[in-house]
Amino acid sequence: MGERQDPIVELEHVRIQFGKRTILDDVNVTINEGEFIAILGPNGAGKSTLLKLLLGLIKPSAGIVRVLGRPPRRGNSDIGYAPQHRVLEADLALRARDVVGFGLDGHRWGTGFPSHKRKATIDTILQEVDASAFAEAPVGQLSGGEQQRLLIAQALLSNPRLLLLDEPLANLDIIHEQEIVALVQGICRSRNVAVMLVSHDINPLLPVVDRVLYVAHGQSTIGTTDEVITSATLSKLYGSQVEVVQALGRLFVVGAET
Amino acid sequence: MFDILQYPFIQNAFAAGTCVAIIAAIMGYFLIVRGLTFAGHALPNIGFAGAAGAVLLGVDPVIGLLVFTISAAIAIGMLGKAMRERDIAVGIIMTFALGLGILFLSLYSGYAERVYSILFGQIVGISQQNVLFTAVSSLLTLVVLLILYRPLLFSSFDPEVAEARGVPVNALGLAFLVLVAITVSIAVQIVGALLFFTLLIGPAATTARIVQRPLWVILLAIILGICYTWSGIFFAANGTWPVSFYIATISFAVYLPIRLLSPLWIGQQARKNIATRQGTLSSGFQSGKDEQNDATKASGRVSGISR
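Protein sequences, first through last, are from chains A and B.
Start counting the first sequence at 1; every next residue gets the next number (the working numbering).
Start counting the second sequence at 1; every next residue gets the next number (the working numbering).
This is chain A alone, in the form it adopts within the complex (with noise of 0.2 angstroms):
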């Protein structure tokens, strides 16, 4: 295992279509084991339509998937995906053990049985995500920078190789954001696992990310931060002009309003 050079993902001249609006067009992209890819763009342009794609959940209008080879399929514990995040009501009887412990065997019928290899596996991967302090509480009394670990503590339960992220950093004020990014940038590294994290906005991602793919418009480009982020791409992509400004070592697009 891990020796194979099959690319994660392969997409050839993907569409994406509701009904008949067409959502992504010619969409090609190729991305191999542990790369951390950021997926940018505008809202509605189509980022988690790219996810649900990956996972199955959708089918492409014409275009080749693949996922690790094959078709996508509903089910797949190669992928962890955590969705976009919605706040968690604060009275759920839910504490974060248990919403890390779906990730485990929630998919499987019967009530389960309480072990202590369930459990170790479940305190293991939360000592990655260092979300062992709040183990126990109930998950509507944490902030959404610990909802999110645990979110993504979930995702990785299956041993994936690839790993699905939907605006993970949403909602998070800059010093959650950049542990966040630390902890993805971690996870991505030491277990050589393929990162697709889709954000609005580059900055936190910057110094991590080695390559973006942005969506805008139904069109799409993939490649560095240095070759997609520009002036000259970004108005291609939204077909009107769009100028990319540096400012305070932070990355801005004007223009590409929508």
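Heads up, some of the hints might be wrong.
Interface residues of chain A toward chain B, partial, derived using beta-carbon atoms under 10 angstroms [said to hold, decoys possible]:
no., residue
1, G56
2, K59
3, S61
4, P71
5, A93
6, R95
7, R97
8, D105
9, G110
10, A137
If we take Cβ atoms under 7 angstroms as the criterion, some of the chain A residues that face chain B in the derived model are [unchecked claim]:
no., residue
11, P7
12, R21
13, L55
14, G75
15, Y81
16, H107
17, R108
18, W109
19, T111
20, G112
21, F113
22, P138
23, G249
20 angstroms max Cα-Cα, derived SDA-like pairs, lysine to any residue [unchecked claim]:
no., chain 1, residue 1, chain 2, residue 2
24, A, K59, B, P168
25, A, K59, A, R21
26, A, K119, B, R213
27, A, K119, A, W109
28, A, K236, A, G44
29, A, K59, A, D26
30, A, K236, A, I23
31, A, K20, A, S48
32, A, K59, A, K236
33, A, K59, B, G166
34, A, K59, A, E12
35, A, K59, B, N170
36, A, K119, B, E160
37, A, K236, A, H13
38, A, K59, B, P159
39, A, K119, B, L215
40, A, K59, B, E160
Worth flagging that the hints you see were computed from the coordinates, not collected in a lab.
Backbone N, C-alpha and C define an ideal beta-carbon position, used for all residues, glycine too.
Mind docking chain B on chain A? Use the hints.
What follows is chain B alone, placed relative to chain A:
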């Protein structure tokens, strides 16, 4: 005072009531976490209309109950996933069914005693055969619920991930509602719609505020449900007021103080957690409130790219 326990009809009431209390507590927990409590209320009422229709047609009320509750369960399961949208659908379906029920009753010339008992229950008037039937069907329902337990829990809390992990989320939700419908059809004949709904929601809603694990919530809810039922039957047998009144009142009397006071201990747990975290971790964790404030500040900063 305890002499009443010698009477067979009281024994029957205790036995059937216990079975219903157990199943209702488990189902109620799932209805609550799935945001379906209103559907839990509507199904017995819809069943009442079905029973009225069956009486009018001269067939066994249970057939009317099953037809109406199962069709309604399927309709509710297919309509709208968003809770608000679904509650509207449930409301519309229920009022339509109640309208039909009233029409059926007015068309029926006799006194439809069996239909009225579906609304208000007759737990102290059931036969041993009823008890056996309730026990067997409760056992079957319990087995199905245990089989569905983990994927149902997973898909209740995290439908997106569950679906990605291969859980048939939609089919499971539908199967659960149909199971509720069948249980309603059997239980309301024994205990009545009001009592069934009380045992469905009351215990689980209360225990979800006391303990933090799904399994404990369910086990404690079963214990509470049985306590409510037993004391309700006991009071009713020794007094003159109806069983449903006693059980509903006990349920309310227990829920109210716990609902009002639970912020105290739930808040305390959170504070304790934060204290532990600050002790063990060096970097600056803050309470959820602080984080929200910071997030609002930060949202001004991220307005750069892609907007």
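Structure-based check of each hint:
With its C-beta approaching chain B no nearer than about 8 angstroms, G56(A) sits inside the 10 angstroms limit, and its interface hint holds. Because the closest C-beta pair between K59(A) and chain B is about 14 angstroms apart, greater than 10 angstroms, the hint is violated. Residue-level restraint check for S61(A) is violated (minimum Cβ-Cβ distance to chain B is 21 angstroms; threshold 10 angstroms). Annotation: P71(A) was flagged as interfacial toward chain B, and the flag is violated, the nearest CB pair being 15 angstroms apart, outside 10 angstroms.
Given hint, A93(A) at the interface with chain B, holds; its Cβ is 4 angstroms from that chain's nearest Cβ, closer than 10 angstroms. Because the beta carbon of R95(A) sits about 5 angstroms from the nearest beta carbon in chain B, less than 10 angstroms, this interface hint is met. Interface restraint check: R97(A) against chain B, minimum CB-CB distance 9 angstroms, threshold 10 angstroms, status holds. Checking D105(A) against chain B by beta carbon gives a least distance of about 6 angstroms; that is within 10 angstroms, so the hint holds.
Here the hint on G110(A) is kept, as its CB sits about 6 angstroms from the closest CB of chain B, short of 10 angstroms. With its C-beta approaching chain B no nearer than about 4 angstroms, A137(A) sits inside the 10 angstroms limit, and its interface hint holds. Below 7 angstroms, beta-carbon pairs count as interface contacts, and P7(A) has none with chain B, the closest being about 21 angstroms; its hint is therefore violated. A hinted interface residue such as R21(A) counts as satisfied when its beta carbon comes closer than 7 angstroms to some beta carbon of chain B; here the least separation is about 20 angstroms, so the hint is violated.
The interface hint given for L55(A) holds, since its Cβ lies 4 angstroms from the closest Cβ of chain B, which is under the 7 angstroms cut-off. The interface hint given for G75(A) is met, as the beta carbon of that residue sits about 2 angstroms from the closest beta carbon of chain B, less than 7 angstroms. Given hint, Y81(A) at the interface with chain B, holds; its Cβ is 5 angstroms from that chain's nearest Cβ, closer than 7 angstroms. Annotation: H107(A) was flagged as interfacial toward chain B, and the flag holds, the nearest CB pair being 4 angstroms apart, inside 7 angstroms.
This hint holds: R108(A) has a C-beta 6 angstroms from the nearest C-beta of chain B, less than the 7 angstroms allowed. Contact between W109(A) and chain B, as hinted, is supported at the beta carbon level, the nearest pair being about 5 angstroms apart and thus within 7 angstroms. At a threshold of 7 angstroms, the smallest CB-CB gap from T111(A) to chain B is about 4 angstroms, leaving the interface hint in force. Here the hint on G112(A) is kept, as its CB sits about 6 angstroms from the closest CB of chain B, short of 7 angstroms.
Hint status for F113(A): violated, given a least beta-carbon distance of 11 angstroms to chain B, over 7 angstroms. With a cut of 7 angstroms, the hint placing P138(A) at the interface with chain B holds, because the nearest CB-to-CB distance is about 5 angstroms. Because the smallest distance between the Cβ of G249(A) and any Cβ of chain B comes to about 12 angstroms, over 7 angstroms, the interface hint for this residue is violated. The straight-line distance between the Cα atoms of K59(A) and P168(B) is roughly 17 angstroms, inside the 20 angstroms bound, and the hint therefore holds.
This hinted pair checks out: K59(A) and R21(A) have alpha carbons roughly 14 angstroms apart, not beyond 20 angstroms. Simply put, K119(A) and R213(B) have alpha-carbon atoms about 15 angstroms apart, close enough for the 20 angstroms limit, and the pair holds. For a cut-off of 20 angstroms, the pair hint linking K119(A) to W109(A) stands: about 19 angstroms separates their Cα positions. A threshold of 20 angstroms between alpha carbons decides the hint, and for K236(A) with G44(A) the separation of about 19 angstroms falls inside it, so the pair holds.
Annotation: proposed proximity of K59(A) to D26(A) holds, straight-line Cα distance about 14 angstroms (limit 20 angstroms). As the CA atoms of K236(A) and I23(A) are separated by approximately 17 angstroms, the hinted pair is consistent with the 20 angstroms bound. Of the supplied pair hints, the one linking K20(A) and S48(A) holds, its CA atoms being roughly 19 angstroms apart against a limit of 20 angstroms. Note on K59(A) and K236(A): the hinted pairing is violated, with a Cα-Cα distance of about 27 angstroms set against a maximum of 20 angstroms.
Simply put, K59(A) and G166(B) have alpha-carbon atoms about 15 angstroms apart, close enough for the 20 angstroms limit, and the pair holds. A threshold of 20 angstroms between alpha carbons decides the hint, and for K59(A) with E12(A) the separation of about 14 angstroms falls inside it, so the pair holds. With a C-alpha separation of about 18 angstroms, the suggested pair K59(A) and N170(B) falls inside the 20 angstroms cut-off, and the hint holds. For the given pair, K119(A) sits about 24 angstroms from E160(B) by alpha-carbon distance, which is inconsistent with the 20 angstroms threshold.
Of the supplied pair hints, the one linking K236(A) and H13(A) holds, its CA atoms being roughly 18 angstroms apart against a limit of 20 angstroms. With a C-alpha separation of about 19 angstroms, the suggested pairing of K59(A) with P159(B) holds against the 20 angstroms cut-off. For the given pair, K119(A) sits about 16 angstroms from L215(B) by alpha-carbon distance, which is consistent with the 20 angstroms threshold. About 16 angstroms separates the Cα atoms of K59(A) and E160(B), which keeps this hinted pair within 20 angstroms; it holds.
The structure shown violates the earlier hints numbered 2, 3, 4, 11, 12, 21, 23, 32, 36.
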